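Protein sequence lines correspond, in order, to chains Y and X. All letters in the first sequence, in the order written, are residues -14 to 334 by the numbering used here. All letters in the second sequence, in the order written, are residues -14 to 334 by the numbering used here.
The hints are simulated quantities; they were obtained by calculation from the structure and are not laboratory data. Be aware that a few hints might be false.
BS3-like mimics (lysine-lysine), calculated; alpha carbons at most 25 Å apart, straight line [said to hold, decoys possible]: (1) X:304 - X:232; (2) X:330 - Y:232; (3) X:232 - X:177; (4) X:232 - Y:330; (5) Y:232 - Y:177; (6) Y:330 - Y:232.
Pairwise CB distance ranges, derived in the manner of DEER restraints [to be verified]: (7) Y:130 - X:18: 20 to 30 Å; (8) Y:238 - X:319: 28 to 38 Å; (9) X:37 - Y:34: 53 to 63 Å; (10) Y:233 - X:264: 31 to 41 Å.
Note that this is a predicted model, so its numbers are computed, not measured. We treat Cβ as the ideally placed atom computed from N, Cα and C, and that holds for glycine.
2 protein chains.
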Amino acid sequence: MATDSRKRQAKREDGRPKTATLADVAKVAGVTSMTVSRVIKGSGYVAPATREVVLRAAQELNYTANLAARALVTGRTGAIAIISGDLNLPYCANIVYLFDSLLSASGYQIHLLHTRGELRDLINSTNSASVDGVIVAGMHHFFEELSSLDRHVIPPCVHVGITKPSQGDYVHVDLRPAVEEALERMLAAGRKRIALVGVGSHLSVDETEIRPQTYISMMQNAGRELEFVSASPRYEVPGPERVNIIKQYIEANGCPDGLLCFNDDIAIQTYRALMDLGYRIPEDVLLVGCDGLPILQYFEPPLSTIAQPMEEMCALAWKFLQNRIATPDAPPQCTNFDAQLIVRKSLQN
Amino acid sequence: MATDSRKRQAKREDGRPKTATLADVAKVAGVTSMTVSRVIKGSGYVAPATREVVLRAAQELNYTANLAARALVTGRTGAIAIISGDLNLPYCANIVYLFDSLLSASGYQIHLLHTRGELRDLINSTNSASVDGVIVAGMHHFFEELSSLDRHVIPPCVHVGITKPSQGDYVHVDLRPAVEEALERMLAAGRKRIALVGVGSHLSVDETEIRPQTYISMMQNAGRELEFVSASPRYEVPGPERVNIIKQYIEANGCPDGLLCFNDDIAIQTYRALMDLGYRIPEDVLLVGCDGLPILQYFEPPLSTIAQPMEEMCALAWKFLQNRIATPDAPPQCTNFDAQLIVRKSLQN
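Please put together the full structure from these sequences, using the hints given.
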């Protein structure tokens, strides 16, 4: 097919292949440019027979190659890369979903990047012509690496997430006030053993992570002992296995009466462990997650969580990226949001 | 930047712009082609200074335009479009996640398509050069429309889902045996009022849908009355609103003692409605969902569901698509899987 197309392709006076325009297609099809536009956009009514004539003309003129041709000529691709965590994490799926809605509405396509190889390709810039911009969701270290590179090598990029990058355009959300509010509620309810349930024991020492950081300073200010429940040292552990690890901890150490969970997935796994062991929420133990996953409201009792204003954050990040694409030398664009504690029955006692 | 690139670009003897090769970049950078390849792929160690020299050379030779150039010359883009439902539905997010893993491993990029405009563009074929193939997940009517079009206009495509298309390549999963098994369990447990909870009242009459179809024939064979709980006539209704609709139905009509839910989202919303009204699962009512979402195992009691072998199905669909891209005229490729009932406490009585 590629050979056929080149044979049919018109040559310009300078010898380079001529790109078929809407008008060319309209001329060959014997219709107005408006009709061709309608067929291409799929908007408005076009009689099926007319549509077929237009499509044949577009095919004959190799109009199908235009997206790639446009990328070569204008340097714009109409595509944005999104770099996020795995889509089997509801938090990440929701972010991609929100950007997908925003970008589609602006006529952009989404290219999903996840694998390390793809990230490296992007850093190495050799693929940079394939997208007009990059949205980095949550992958803070990767964003720092990207931002430190030559701006002429890397397409415009913006970061959205709970960590504040040291440079570049970003939309940041601060979890601290909401975490403090959750812990204050547990303290005010007279809970004695308030523990952090998290991914790995590194949580106790990772001072760049706002959740353990806030937990440690709040507990120390209240004169309480620190208690860390490691749901597993590894991120990729399957949920049911995490449930067992949490159950084993509780069976060996007794149950804390207040549990701050690192994220909503862990809150759900902790909930399952507590149910299996016959503990009651909120009577025996208060529980709060973090991410704002809607699913938590359906549990019995409904589970509390810390929500980020994701829709607003994603819309602003997309606005920042569009600005950056239009004005590469504009000053940095930064905004901070506050996360919100959503109090449900699991925190009410 | 586009102007700069064109100025620097070498011309071939026939006057067309010359595409910079790995060897060209290596020559300008004064390194081996292997080193350039390492920098591009991001594999193996390359000293930071060397990497920078290679990247500068690649930039100078406009090597960044190569992806678009390759698409023009070879007709291959290294990208596959995935058409699915919204990513805020866990079922759809999981499908995209699985294909994303498969395609990344094969060196392909994913282009997500959701909006009606994008689908129309694809049908209208004017964008077909932007992807090498299309995976249609669950959107049966759209796949039928695609398959009926001229194969020279539409890129190769494959369908994966619970409906069997009338033509084309597909991976189909049959829900019927698992739905029958769930209903047989309810009948064997002596349940008298077994209802279908679904999206809209059309469920009772849509004979192309296997779930209501199976429900109706099973109930009629058992001499039972049909009962449909419409969780809402519209797909886009928010979850909490569905919970209220289900509660209102139960308050007005009393509670059925067996509930087959159209999908897992509705099963979760039905669970919440039952909890709010003080019903016990499984003592008062048996409950089963459909989709196999892992989250259902974490509820108390754990909720039963009907699972599809998604990993196997997606892997096979991707194999079919690769075959079709390699051999456009090969005979149709079709496979059928059976869904599996996952029995948890919500079905045990």
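Evaluation of the provided hints:
no. : hint                      : result
1   : X:304 - X:232             : violated, 45 Å
2   : X:330 - Y:232             : holds, 20 Å
3   : X:232 - X:177             : holds, 20 Å
4   : X:232 - Y:330             : holds, 20 Å
5   : Y:232 - Y:177             : holds, 20 Å
6   : Y:330 - Y:232             : holds, 22 Å
7   : Y:130 - X:18: 20 to 30 Å  : holds, 26 Å
8   : Y:238 - X:319: 28 to 38 Å : violated, 55 Å
9   : X:37 - Y:34: 53 to 63 Å   : holds, 58 Å
10  : Y:233 - X:264: 31 to 41 Å : holds, 33 Å
Hint violations for this structure: numbers 1, 8, all remaining hints satisfied.
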